[in-house]
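**Q** Below are the chains, spelled out letter by letter.
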Amino acid sequence: MRRFSWINATSLTLGFAFLYLPMLILVVYSFNASQLVTVWAGFSTRWYGELIRNEAFLDAAWVTLKVAVVSSTIATVLGTMAAYTLVRAGRFLGRTLFSGMIYAPLVMPEVITGLSLLLLFIGIGLDRGILTIVLAHTTFSMCYVSVVVSSRLDSFDRSLEEAALDLGCTPFEAFRLVTLPIIAPAVISGWLLAFTLSLDDLVIASFVTGPSATTLPMKIWSSVRLGVSPEINALSTILIAIVTVGVITASLVSKRAIAARQRDERAAAAAA
Amino acid sequence: MRRFVVVAVPYLWLLALFLIPFVIVLKISLSDPAIAIPPYAPTLDLSEGWQGLKDFFAGLDFENFAFLTTDDLYWKAYLSSLRIAFVATLFTLLVGFPIAYGMARAEERWRPMLLMLVILPFWTSFLIRVYSWMGILSSEGYLNQVLLALGVVAEPLTILNTNAAVYVGIVYTYLPFMILPIYATLEKLDMSLLEAAEDLGCSRLSAFWLVTIPLSVPGIVAGCFLVFIPTIGEFVIPSLLGGSETLMIGKVLWEEFFSNRDWPVASAVAVILLLILIVPIILFQRNEQKQREAEG
Numbered sequence: 001m002r003r004f005s006w007i008n009a010t011s012l013t014l015g016f017a018f019l020y021l022p023m024l025i026l027v028v029y030s031f032n033a034s035q036l037v038t039v040w041a042g043f044s045t046r047w048y049g050e051l052i053r054n055e056a057f058l059d060a061a062w063v064t065l066k067v068a069v070v071s072s073t074i075a076t077v078l079g080t081m082a083a084y085t086l087v088r089a090g091r092f093l094g095r096t097l098f099s100g101m102i103y104a105p106l107v108m109p110e111v112i113t114g115l116s117l118l119l120l121f122i123g124i125g126l127d128r129g130i131l132t133i134v135l136a137h138t139t140f141s142m143c144y145v146s147v148v149v150s151s152r153l154d155s156f157d158r159s160l161e162e163a164a165l166d167l168g169c170t171p172f173e174a175f176r177l178v179t180l181p182i183i184a185p186a187v188i189s190g191w192l193l194a195f196t197l198s199l200d201d202l203v204i205a206s207f208v209t210g211p212s213a214t215t216l217p218m219k220i221w222s223s224v225r226l227g228v229s230p231e232i233n234a235l236s237t238i239l240i241a242i243v244t245v246g247v248i249t250a251s252l253v254s255k256r257a258i259a260a261r262q263r264d265e266r267a268a269a270a271a272a
Numbered sequence: 001m002r003r004f005v006v007v008a009v010p011y012l013w014l015l016a017l018f019l020i021p022f023v024i025v026l027k028i029s030l031s032d033p034a035i036a037i038p039p040y041a042p043t044l045d046l047s048e049g050w051q052g053l054k055d056f057f058a059g060l061d062f063e064n065f066a067f068l069t070t071d072d073l074y075w076k077a078y079l080s081s082l083r084i085a086f087v088a089t090l091f092t093l094l095v096g097f098p099i100a101y102g103m104a105r106a107e108e109r110w111r112p113m114l115l116m117l118v119i120l121p122f123w124t125s126f127l128i129r130v131y132s133w134m135g136i137l138s139s140e141g142y143l144n145q146v147l148l149a150l151g152v153v154a155e156p157l158t159i160l161n162t163n164a165a166v167y168v169g170i171v172y173t174y175l176p177f178m179i180l181p182i183y184a185t186l187e188k189l190d191m192s193l194l195e196a197a198e199d200l201g202c203s204r205l206s207a208f209w210l211v212t213i214p215l216s217v218p219g220i221v222a223g224c225f226l227v228f229i230p231t232i233g234e235f236v237i238p239s240l241l242g243g244s245e246t247l248m249i250g251k252v253l254w255e256e257f258f259s260n261r262d263w264p265v266a267s268a269v270a271v272i273l274l275l276i277l278i279v280p281i282i283l284f285q286r287n288e289q290k291q292r293e294a295e296g
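Sequence order for the protein chains is V and P. So that you can map any letter, position 110 of the first sequence is 110 in the working numbering, and since no number is skipped, the others follow by simple counting. So that you can map any letter, position 98 of the second sequence is 98 in the working numbering, and since no number is skipped, the others follow by simple counting.
By construction, these hints were calculated from the structure, which means they are not laboratory data. There's no promise every hint is true.
Unchecked claim - If we take Cβ atoms under 7 Å as the criterion, some of the chain P residues that face chain V in the derived model are: (1) 116; (2) 131; (3) 134; (4) 246; (5) 250; (6) 254.
Claimed, not checked - Here are a few chain V residues that sit away from chain P, every Cβ distance over 10 Å (derived from the structure): (7) 41; (8) 42; (9) 44; (10) 53; (11) 60; (12) 66; (13) 96; (14) 119; (15) 157; (16) 159; (17) 178; (18) 187; (19) 233; (20) 264; (21) 269.
By construction, the Cβ of each residue, glycine as well, lies at the ideal position given by its N, Cα and C atoms.
With the sequences and hints as input, model every part of the structure.
**A** Okay, here's the thing in structure tokens:
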């Protein structure tokens with residue numbers, strides 16, 4: 001490549017070092033035997049042991065997982081419906097308001113979303129806990145899902161749906177048998193995005209929760225505010241490992257799916 | 001009927017859990033703090049009928065907004081948030097552009113890999129990525145250990161709990177948002193334009209300034225807004241990495257609510273923050289639309 005000079009190589013190396021070195025240090029020092037996190041005192045898995053015995057962390061992890069699974073699933077259903085409405089429904093009363101409400105949460109500062117939802121929950125007298133976190137997470141992540149899904153709905157061939165309708169499908173059957181399989185990859189990535197956003201959220205959950213539910217980010221927050229802790233390093237390493245494995249698996253699976261589709265298309269072209 | 005359900009369910013959900021909460025924030029920002037449950041007045045009492053409604057509206061005023069202008073803390077916090085967000089956006093651009101450029105010029109078979117390496121940190125917990133800098137930047141942290149060992153500094157530098165650490169944290173966590181749109185425009189850039197410029201006597205550097213940079217402006221603008229807009233209301237980064245000098249409005253709102261328990265003032269802070277955000281958001285959408293039209 002003519003233009004790939006040493007300058008580009010240097011900026012890529014430095015750039016990726018900047019992106020990955022902090023996390024790498026975190027991973028390495030999670031195996032540090034010392035209580036003093038910045039002083040290396042030999043290899044040890046001690047902090048992982050302490051982490052597993054720490055019931056407060058396990059409880060928080062369980063709460064976080066429950067919230068993430070439930071909220072991302074509801075958000076995927078609602079977000080897909082919203083995307084379908086935005087792309088397919090044409091004009092209807094209040095369409096501008098609707099699309100505004102879909103895009104606004106994407107740029108809304110978390111402190112405002114959190115504050116406004118809390119004031120609502122207090123106003124209607126809802127007990128704060130897992131339920132309110134699920135409601136809050138569903139609300140902002142359904143918007144992300146709908147953006148991801150609507151870009152896919154925008155790009156695919158509508159005549160496929162029309163053909164299904166002409167051949168006697170009800171609109172719902174056409175959606176289930178034709179549209180849904182085609183937009184499935186976007187729906188799945190929407191779910192994954194919603195799931196990650198929910199796992200990650202500290203600010204909104206802190207606002208809307210009550211004493212009965214503490215999520216993992218809230219737990220991490222209250223201990224890192226006092227400074228670096230070896231247990232949090234261990235926990236971070238576990239989370240980084242899960243994400244890395246997840247993202248690599250997802251990209252391999254989607255690569256294989258694309259290859260399979262191309263094979264099918266070639267076969268179809270050859271048959272024709 | 002089914003069609004109606006598909007529209008109505010997400011619509012009603014967003015009305016109930018997005019729009020109505022805002023109306024409530026707006027209403028409370030016009031109320032007065034009170035020692036009661038809930039801690040503000042007036043509260044709407046529909047059982048009083050028309051008189052209750054009239055009393056309710058009579059009790060609303062702009063006192064909290066007036067209060068925000070009298071206390072230095074608030075407008076300083078707004079200004080300082082805008083300044084920090086602006087400076088951090090510039091830094092992110094300076095760091096992100098060379099990476100995006102390098103990616104766009106890398107061999108084609110490497111690009112998906114590089115792209116995944118940029119996106120991967122985005123899936124990792126935001127909180128953990130911010131936290132990872134606490135151990136690096138603290139006075140006995142890894143950076144100071146390296147600098148002391150190399151003899152670059154004689155005494156450990158104070159970086160953690162200053163604005164410098166906040167900048168590092170913002171650049172680090174928002175870098176993918178800057179790289180991706182710039183990469184998208186650079187990757188589409190027609191290389192023959194650069195060759196033409198060079199054939200016509202441009203040096204490589206001037207071809208870069210006169211051709212590459214102007215053509216990548218839409219990506220640069222998009223990236224800058226994607227960093228600038230969320231940074232203004234940022235809470236986690238200034239709280240973990242910043243110090244007493246770091247004044248950001250997201251943190252002020254949080255403290256107003258959780259420490260001072262002054263809901264009306266916290267709501268007024270939120271309303272003003274939203275008004276400030278509207279301008280960059282509209283500019284951002286214009287930029288996006290222009291780009292779509294240019295492509296379409």
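**Q** A separate judgement is required for each hint: does it hold in the structure or not?
**A** Going through the hints against the structure:
1. 116: holds (6 Å)
2. 131: holds (5 Å)
3. 134: Holds, about 5 Å.
4. 246: With Cβ-Cβ at 15 Å, over 7 Å, it is violated.
5. 250: holds (5 Å)
6. 254: OK, holds: residue 254/P within 7 Å of chain V, min 6 Å.
7. 41: holds (14 Å)
8. 42: holds (17 Å)
9. 44: holds (17 Å)
10. 53: holds (21 Å)
11. 60: Residue 60/V clear of chain P: closest Cβ-Cβ about 13 Å, beyond 10 Å.
12. 66: About 18 Å separates residue 66/V from the closest Cβ of chain P, which puts it past 10 Å; holds.
13. 96: Given that every Cβ of chain P is farther than 10 Å from that of residue 96/V, nearest at about 12 Å, it holds.
14. 119: violated (5 Å)
15. 157: Consistent with the label, residue 157/V stays out of reach of chain P, its closest Cβ about 18 Å off (over 10 Å).
16. 159: holds (20 Å)
17. 178: It holds; residue 178/V is separated from chain P by about 16 Å at its closest Cβ, greater than 10 Å.
18. 187: The assertion about residue 187/V holds, with a minimum of 15 Å to chain P.
19. 233: Nearest chain P Cβ is 8 Å from residue 233/V, so the label is violated.
20. 264: holds (21 Å)
21. 269: Correct as stated: the minimum Cβ-Cβ distance to chain P is 24 Å, above 10 Å.
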